[in-house]
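Asks: As a plain string of letters, each chain reads:
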Amino acid sequence: MTIPVTIRIQEGDFDIAAEIAAMTKGRIDIGAVVSFSGLCRGDDSGDRVAALTLEHYPGMAEEEIGRHADEAVKRWPITALTIIHRVGRLVPGDNIVLVLAASAHRQAAFAAAEFLMDYLKANAPFWKREERAEGERWVEAHARDDAALARWDKS
Amino acid sequence: MTIPVTIRIQEGDFDIAAEIAAMTKGRIDIGAVVSFSGLCRGDDSGDRVAALTLEHYPGMAEEEIGRHADEAVKRWPITALTIIHRVGRLVPGDNIVLVLAASAHRQAAFAAAEFLMDYLKANAPFWKREERAEGERWVEAHARDDAALARWDKS
Amino acid sequence: MKVKYFAWVRERIGIAEETVEPPAGVSTVADLIGWLSTRGEGYAFAFEKPGVIRAAIDRTHVRPDTAIAGAHEVAFFPPMTGG
Amino acid sequence: MKVKYFAWVRERIGIAEETVEPPAGVSTVADLIGWLSTRGEGYAFAFEKPGVIRAAIDRTHVRPDTAIAGAHEVAFFPPMTGG
Chain S
1 MTIPVTIRIQ EGDFDIAAEI AAMTKGRIDI GAVVSFSGLC RGDDSGDRVA ALTLEHYPGM
61 AEEEIGRHAD EAVKRWPITA LTIIHRVGRL VPGDNIVLVL AASAHRQAAF AAAEFLMDYL
121 KANAPFWKRE ERAEGERWVE AHARDDAALA RWDKS
Chain R
156 MTIPVTIRIQ EGDFDIAAEI AAMTKGRIDI GAVVSFSGLC RGDDSGDRVA ALTLEHYPGM
216 AEEEIGRHAD EAVKRWPITA LTIIHRVGRL VPGDNIVLVL AASAHRQAAF AAAEFLMDYL
276 KANAPFWKRE ERAEGERWVE AHARDDAALA RWDKS
Chain U
311 MKVKYFAWVR ERIGIAEETV EPPAGVSTVA DLIGWLSTRG EGYAFAFEKP GVIRAAIDRT
371 HVRPDTAIAG AHEVAFFPPM TGG
Chain Z
394 MKVKYFAWVR ERIGIAEETV EPPAGVSTVA DLIGWLSTRG EGYAFAFEKP GVIRAAIDRT
454 HVRPDTAIAG AHEVAFFPPM TGG
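Protein chains in written order, with this note's numbering: chain S, 1 to 155; chain R, 156 to 310; chain U, 311 to 393; chain Z, 394 to 476.
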């Protein structure tokens, strides 16, 4: 059976309930759905963020996410995956990213969702620019995100 | 700050989007929401399950979940938790359980949600009875669920 | 003290709860299981494998060697299968 | 070959993409960064710390020593901050 994988990069918001419903509708083999939603925070590093603008590499972003979704499907007994990443200008409280992983059992769903988020944080071609009171700046990558992704390397 | 913790045991269904919205509304300190939803499967062990009836220990179930929610809040920098467990008769495809964990960062939200699910599976006072073609039976506990919970023991 | 039964323990015994007055000498959870087992066929069936039975005193999980002195509510049930 | 720039690499250079014909001898990603750096102030600024720059050839992440022969699209960008 082909595992349904949905990948979208979009400016508009997403509806988690609708995405979960689309993923599970008519299926009785799904026992666990893990959803991760990442939101724009307003209080990073103690000082207010007014907005975030997300830029991506069109084409590569979809392909790279697709390769990692395939990798997740190979590693864990996943029955469906959905990955949605927003781009454009977002304000605190807005959704940024959604990862849904479905499986018969919880461990596979948790592992796949966490793997995909670690990948999206460290290696997917997206860049964030913050607007703060003192001006705009590109968000710097965190070494901790590289370390989180490295956990999944096959030895 | 007191961390908002919502615990409900109910016969009716839950609405994941409404629960996430209730948890994140008006807040700009939440960067990550992990949701786990457990669904009633129809194909366990290769043979059809027609329905599942969930019994619980009223009073103890709420208190025990509350103690574990407090433990999660102590262990990880969680900003909000919601735990909803359904009881009564459910059919394949129905929601059984929802755990939502919110935090500034993803690792805490993933860890708390996984800890709470491992706890609910192995130690919360709920019991499942399955209806199959050949009759009804109480679901047996899995040693793997005890092992999953034991991972979180403090050494 | 009040005793509650859940899932197949309840089904085998045939009642969900009752009030009992165990005799002197019944001092631990394991003692209480042993004494309840003598109260009839359903009880004997429910507690035929005492090692499988889980217990709670006043809504907190306890082990078989826990003392029952002062307990208001003791519950017996099979291993849990929630989530 | 087509070259694309993203985030602050794009801002410093001032354009999002262009078509270039690097001279013979420019054979790796690192060589291409070195050659591009000589094309103007914006380029020199964008590539001032070549170790920070990430690259992709035809939409796949590559390392500085990867050969560019046969590449249709080479992209340069800062470390990624998605998710």
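Read the hints as simulated data drawn from the structure, not as lab findings.
From the three backbone atoms N, C-alpha and C, an ideal C-beta is built for every residue, glycine too.
One should not assume that every hint holds.
[As the list claims (entries may be wrong)] Okay, the calculated bits of chain Z under chain S, using three or more residues with CB under 8 Å as the criterion:
#, segment
1, 396 to 405
2, 428 to 440
[Stated by the list, open to error] With a Cα cut of at most 20 Å, we get these calculated SDA-like pairs of lysine to any residue:
#, chain 1, residue 1, chain 2, residue 2
3, Z, 442, S, 138
4, Z, 442, S, 25
5, S, 25, R, 246
Asks: State for each hint whether it applies.
Replies: Hint-by-hint comparison with the structure:
For the segment 396 to 405 of chain Z, the stated coverage by chain S is satisfied: 4 residues place a CB nearer than 8 Å to a CB of that chain, which reaches the threshold of 3. For the segment 428 to 440 of chain Z, the proposed coverage by chain S is not satisfied: 0 residues have a C-beta within less than 8 Å of a C-beta in that chain, short of the threshold of three. Under the criterion of a C-alpha separation no larger than 20 Å, the hint pairing residue 442/Z with residue 138/S is consistent with the structure, at around 16 Å. Using a Cα cut-off of 20 Å, the hinted pair residue 442/Z and residue 25/S is violated, with the two alpha carbons roughly 50 Å apart.
The straight-line distance between the Cα atoms of residue 25/S and residue 246/R is roughly 14 Å, inside the 20 Å bound, and the hint therefore holds.
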